[in-house]
Structures are given as structure tokens and as C-alpha cells.
Amino acid sequence: MIRDITIGQYYPADSILHRLDPRLKLNGTLLFLITIFLFDTFYGYIAVTVFLVSIIKMSKVPLKYIMRGLKAIIVILLFTVIFNMFLTQGDVLIRLGFLKITKQGLYSTVFMGIRLIYLILGSSLMTFTTTPNQLTDGLEKLLSPLSRIKVPVHEIAMMMSIALRFIPILLEETDKIMKAQMARGADFETGGVIKRAKSLVPLLVPLFVSAFRRANDLAMAMEARCYHGGEGRTKMKPLHYSTRDYAAYGILILYLASVIVISIFEHRLPTVL
Amino acid sequence: MQIVFENVNYVYSSGTNFEKHALKDINFKIDKGEFIGIIGHTGSGKSTLIQHMNGLIKATSGKVYFNGEDIYDKNYDMRILRSKVGLVFQYPEHQLFETTVYKDVSFGPKNLGLDKSEVDRRTCEALKMVGIGEELYDASPFELSGGQKRRVAIAGILAMEPEVLILDEPTAGLDPRGRDEILDQVAKLHREKNITVILVTHSMEDAAKYVDRIFVMNDGRLVMDEAKVKIFSRYKELEAIHLAAPQVTYVMNALRERGLPVNTEVTTVEEAKKEILKVFKKS
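As given, the protein sequences belong to chains F and Y, one line each in that order.
Our numbering applies: residue 2 is where the first sequence begins, and numbers increase by one.
Our numbering applies: residue 477 is where the second sequence begins, and numbers increase by one.
Keep in mind that the hints were calculated from the coordinates and are not lab data.
Check before you lean on any hint, since a few could be wrong.
Said to hold, decoys possible - Calculated lysine-lysine pairs in the DSS-like style (CA-CA distance at most 30 angstroms, straight line):
| id | chain 1 | residue 1 | chain 2 | residue 2 |
| --- | --- | --- | --- | --- |
| 1 | Y | Lys579 | F | Lys196 |
| 2 | Y | Lys625 | F | Lys180 |
| 3 | Y | Lys625 | Y | Lys669 |
| 4 | Y | Lys560 | Y | Lys604 |
With the hints as constraints, model all of the structure from the sequences given.
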């Protein structure tokens, strides 16, 4: 049940996308997010869709697996759709009692829905194709200019990678403790709110104890290996852009240019909606 | 027949890259009062197998019967099954959560809905069985030593008075003395209360000393299911799947090869000693 949450997970496969530099993927994701929120024209979205579909194809991550990530946002999605649909002022199309659907409302519903879905798909595609370690390496490198103004970039990146590293471990631990307590007759599923909250005690106490134990062990192990923060620390695998990455940057720029061009000349194209 | 597995298969995360066929076509029958050892390499499916026995994991296909009833039947009450099949996980001390030892052990019987005096009786009895004295009843379980924590956690399962006791490597990480104490206690329970015991272990010596019948798991399959002596005489096959027979088996086989007519079917050091002395006296 906990395993069903796919958002933010890494999906091992052998694709071009997996081999690209994490900095490029971070920048690319940011660019993609900007394009879906900045441009809201019909033809612009065709370009965005073509781009998204082709990188999904390239990633070799099964579509079904990516789509599972949408489950996590279904509530937000429904809220957005309902509010946009009924609460936007404008030309009334349909009236249902005190509720009315306007033309503008319909537009913004469709666009907001698409935006949210693309947002999740685009960003989860990055985490599917990038290991947590690569991701933090990339972030550390991209943010490294900030260390000049005393932002502890290395420490933040280290904390992030530890947190990410421990998510699967703690999930597994939760699963194990839950089973162990169920074997002792614990019931996590039935009862009212208070009973359920109480039933979490046998799960949460051991989980916290084990998290602290692990944190202790990890700190000890890091100190034993002379870890003392980022200063003067070198990397085993420093990030280097390769030809492949420059080519990918080229594609990104082309993509951005085409979206901009399309939205400028939109009014000269035949109208669809 | 107390526990029956029929063509049980289990697949993890089916339909993704992580898919793993953890159990393949498992069939066996276990009678009441047996003492069974499960051995196998890390990742061979031992832990997955035992979690099927009390319904914590549902088989992808196949049937599991407990006391003749199909546990996957819609009307079957899993909670009753779990109270009858006690499962002690690996490192069970990681599940302790209460403020005192006594309260922690009574968690199981309380969940069974028993009245206060019965809960009290079972808790005290279970703690006594594992050798935890009354002076520790009000101590915090987190203040105990590693071996004591382990025993308290095992008492937590015993207090439910299961008909079947499953232990997943109960001695991992304990010193030799703590190890013998726990296993001797389990063996005593088995003798005195005639409960079925299933012991998952990595130690062939432990398997040799305590169990009667051994399941050998390899790559999700139950590859051998025979009496202890028979299993160890097939030590060449065990080696092929990266397991080994107890050291005594090797000694006896080596002696036999050198012309000493000893019985190679002994499994513990004690038996081996007797056997060798017997042969020497004869000659």
C-alpha cells in the first residue's frame, strides 16, 4: 500500500534521459514548468504536449507507472477543476440552479487541469530518471554560487541526500513494524478517529526510536570517516557536461524558442476554440 | 494437518521493473507439535514464506489452510489466525513501544479482548518463561540490555499463547549464551506444551540441535523437505546452493572415508562423541 506512491521515486532503466547530466535535467524541468505556466494558448500547448510525450517515450519508463503519480494529486485536481468551473465570472453557458458554467470558466478549467497534470508528469519524470544522489549533486553544483553569500549549500545538499536516502528505509521499517504489531493483534484499520490515532502509538514509538538509532549510527559512521562539512571536499564522480548534454541544451533552447514563437503568432493561426 | 500450503506463489511489485517472484509453487503440510527448521540463503524467500502462515502477506495464487480452514475465505477471521499463529520477527526488540516491560508484553493479550485477570496471568507466565524477573516488570523496555529486550519481545508473542510459534532468526546478534538460553526455552515450550515450532535460522548447528524436520529454500522454491538427518546427509547438494551441513557431519564423513565405521547420521557434537567412543570400544 505504501509502495504504491510512485511520486519522487527513481525508476531504473537504460535510456538517454537517465544518462543526461542532472544539472541539465533540473534546468530542463524548471524551463518546462515555466513554459506550462507562462503560455496558455492552444497551439502552445500542442508544442508542450509534443515535447512531453517525446521525453516520456525517451525515458523508457512505462506510461502506466508515470500515471500512478497522478493518484497523489487527484484531490487537488478535483478541487481546482470544480472551483474554476463554477466560480469564474463571464459569459454564462449553462445554468444549474445557483451554479453557472461560463465560457471563461471552462477555458481556465481545461488549462488549469492540463497544467497540473503536466506539472506532475514533468517533474516526476525528472525524479524517475535521476537517482537521489545525482539529484543532490546537481543541486549542489547549481546552487554553489550561493555559498559565497554564506548559504550552507553543501550542508543543505547533504541533508537532502540523507533524507532522500532514508525514505525507502523508513518505509520498509514502517511496513515491518506494522506487520509485527499486527502479529500481536494490533488493528490499524477499524474504529473511530480517536481509536485509530491511539492505534498508531505502537507504530510511531518504535519508528521514532529506530530513526534516532539510525541517525546516531550514521553520524558515528560519518565522523569515523572524518567527515567535517563541505570545505575542501572533492567528489568521487565530479559532474561533467558531455556532448550529449550540450545537444540536449540545444533541444531545450529550440523548444523554448518554438513555444515563444507559437504564442506570438498564435492570432495568425486558425482559431480552434 | 495444522498448516497446509497448496501451490502458493507470491510476486512482489508485479508489473514493474522491481517485479520479483519471491515464492514459487510452495507445497507442504505441517502437523501439530512438529519442530521445523527453515534454512536457506539470504533472499531465498524464508521470511516471505513465514509471513504467509499468519496471513500478513496474501499469496498471489494458491491456497493456505490452517486447521483445515481456507484462510483466504471471505468469512475467515484473520485476527483469530494471528492469535493462534504467533510470529516473532527478526530483531523483535525493534517493535517495543510501551513505557514498561509489563505493559508491552500485555499488548498482545489485551488485543485479544481477554479479561484483566487472564491478561495478567498470561503476561506473567510469558515473562517467566523467557526468564525476565519481576523486578524488571516496571522497567522501561528501552533501558534493558539487548538480550533482555529480545526476550521481552518474544514474551510479547508467547503471551498470546499461540498454537504455532514461528521465530525468524531469533538469535541473530546475540552472544552464544543468550542464544542457547532462548533456543533452550523454545525447545522446552515445544516439549511441555506441545506447540508447533517453526524456526528460521542461518545456523546449521542450531538446526541440528533443535529441530526434527527441515525445509530448505532456494530462490523462492522449497527444494528439500525431509527429516533433519536425511537433509544433512545430502550435504553435497546443500553446498551447491551455498549452504552447508553442521561441522559434525563433515567430521563424521571424513572419519568414515578414512575407514572408521561411524554412523554419519549424527548431527550434534554430543551424539558424535558417543558414536565415536562406541566405535572405538568395539574395535
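Here's how the hints hold up against the structure:
| no. | hint | in the structure |
| --- | --- | --- |
| 1 | Lys579/Y to Lys196/F | 18 angstroms, holds |
| 2 | Lys625/Y to Lys180/F | 19 angstroms, holds |
| 3 | Lys625/Y to Lys669/Y | 24 angstroms, holds |
| 4 | Lys560/Y to Lys604/Y | 20 angstroms, holds |
Consistency note: the structure conflicts with none of the earlier hints.
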